[in-house]
Amino acid sequence: MGKIIAVHSYKGGTGKTSLSVNLAASYARRGKKVCLMDLDFRAPSLHTLFNDHKAEYWLNDYLNGICEIDKLLIDESRDYANGGKLVVALANPSTEAIRDMTAKDRKWEMKALGRLLSLRSSLLNDNDFDYLIFDTSPGLQYSSINAIVTADVVLVVTSLDASDINGSRRMTSELYELFEKKTGILVNKVIAEYLSSKEERKKFDKQIKSAYNLPILAIIPCYCEVLRAAGDFIFSEEKPDHPFTENLDTLATKVEKF
Amino acid sequence: MSYSTLDAENTSRTPIMAAYKKLEGKSTQLLEKIRESLEQLNEKIDVMIEIQKHGQRQIPENLPEALDVMTLLSLPDHLRKTAVTLCKLEEATADKVAEQTKRARAVESGYLNQLVVMGYMKKERRGRKAYFFIDKDA
Numbered sequence: 047m048g049k050i051i052a053v054h055s056y057k058g059g060t061g062k063t064s065l066s067v068n069l070a071a072s073y074a075r076r077g078k079k080v081c082l083m084d085l086d087f088r089a090p091s092l093h094t095l096f097n098d099h100k101a102e103y104w105l106n107d108y109l110n111g112i113c114e115i116d117k118l119l120i121d122e123s124r125d126y127a128n129g130g131k132l133v134v135a136l137a138n139p140s141t142e143a144i145r146d147m148t149a150k151d152r153k154w155e156m157k158a159l160g161r162l163l164s165l166r167s168s169l170l171n172d173n174d175f176d177y178l179i180f181d182t183s184p185g186l187q188y189s190s191i192n193a194i195v196t197a198d199v200v201l202v203v204t205s206l207d208a209s210d211i212n213g214s215r216r217m218t219s220e221l222y223e224l225f226e227k228k229t230g231i232l233v234n235k236v237i238a239e240y241l242s243s244k245e246e247r248k249k250f251d252k253q254i255k256s257a258y259n260l261p262i263l264a265i266i267p268c269y270c271e272v273l274r275a276a277g278d279f280i281f282s283e284e285k286p287d288h289p290f291t292e293n294l295d296t297l298a299t300k301v302e303k304f
Numbered sequence: 035m036s037y038s039t040l041d042a043e044n045t046s047r048t049p050i051m052a053a054y055k056k057l058e059g060k061s062t063q064l065l066e067k068i069r070e071s072l073e074q075l076n077e078k079i080d081v082m083i084e085i086q087k088h089g090q091r092q093i094p095e096n097l098p099e100a101l102d103v104m105t106l107l108s109l110p111d112h113l114r115k116t117a118v119t120l121c122k123l124e125e126a127t128a129d130k131v132a133e134q135t136k137r138a139r140a141v142e143s144g145y146l147n148q149l150v151v152m153g154y155m156k157k158e159r160r161g162r163k164a165y166f167f168i169d170k171d172a
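As given, the protein sequences belong to chains U and A, one line each in that order.
All residue numbers for the first sequence refer to my numbering, where the first residue is 47 and numbers rise by one.
All residue numbers for the second sequence refer to my numbering, where the first residue is 35 and numbers rise by one.
Just so you know, these hints were derived from the structure itself, not from any lab.
A quick note: this is a predicted structure, and the numbers were derived from the prediction, not measured.
Among the hints, a few may not be true.
Which residues of chain U face chain A? A partial, calculated answer using Cβ under 8 Å [to be verified]: (1) L163; (2) V195; (3) L224.
For each residue, glycine too, the CB sits at the ideal point set by N, CA and C.
Sequences and hints are given; from them, build the entire structure.
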């Protein structure tokens, strides 16, 4: 039975999309069948990285009940070992679609939750996907909470910004715990000097552990090369030997066993 | 006693046996009916208790409530667990919900009826079983 992973954060710009994409690629490289989904309908982003000209239907259409999920899945697999597959489902980036999605009422959101929940049977059970990875909107909004309710595991990406740590902690007690979700923290874009020596690293680990009462699944340094890539390509695919890729592979293993 | 006498005796008793069997069938049916009525009565009492506890709310027909995630968040923990489970199952008996939540059937039945009274779910009897579901098109 596959797993649904929601990648969420309190604030924007924490690196949810970058980590979602590279986590998905890491699983595909190890022979898994993965579906990466853009559930950030207010600020869609996966379409810039993948071939959106192939898209006839969007996740918006699936949630609106206009089409079934198979109509919008785009196969982005490369020559992955052991038959690994990477399939993406994109959010419609047009202004009109964004406006439409922000004006939905409670009843629509209730139906959307039902549509998301039924992906478990259509993709995990009937189509043998090993992982569905939801890239979500930041903060407390309908689309991200729907994703969290549907997921088996929530990965919370956080920076070291005080307001981000504060907000993520509040979400832990007021959101993830209320839905009894398995939740892990990913600290992203950590300044290199915090991790420069063993002692510094120990001190840092301790600080992070005391800030969150949750398992810390990854501490990822800020790499200039990743920033320079500017989301133009899947970093871990182009740079398989980079420490960022190693970090992501370790994370993938941890989440697998989580 | 020889077989022939036994046969003779049996033959003489046959009408009585048949009448007895018929009677037995009828009483089983009757007991079954009583059991069903008691179950229905029990559920009605559950609903009445809920209404008494929370005051007479507007009945669901007048006020369909959407069970969206923000509403789920606002529910007390014990009801949220039941409600989320029913969202996942789409439609289920109290037994099925209890199987998922690992709580007693009677407990889940109480919570489900409470959610029905609150207007978040609907209940439908089919034969002897009561099915709970979320009416998405209300």
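Double-check U/V195 for me: the hint is only fine if its C-beta lies closer than 8 Å to a C-beta in chain A. Holds, about 6 Å.
Are U/L163 and chain A close enough, Cβ to Cβ, to be under 8 Å, as the hint says? With Cβ-Cβ at 6 Å, under 8 Å, it holds.
Under 8 Å is the threshold here; is the Cβ of U/L224 close enough to any Cβ of chain A for the hint to stand? holds (6 Å)
Comparing the model with each earlier hint shows no violations; every hint is respected.
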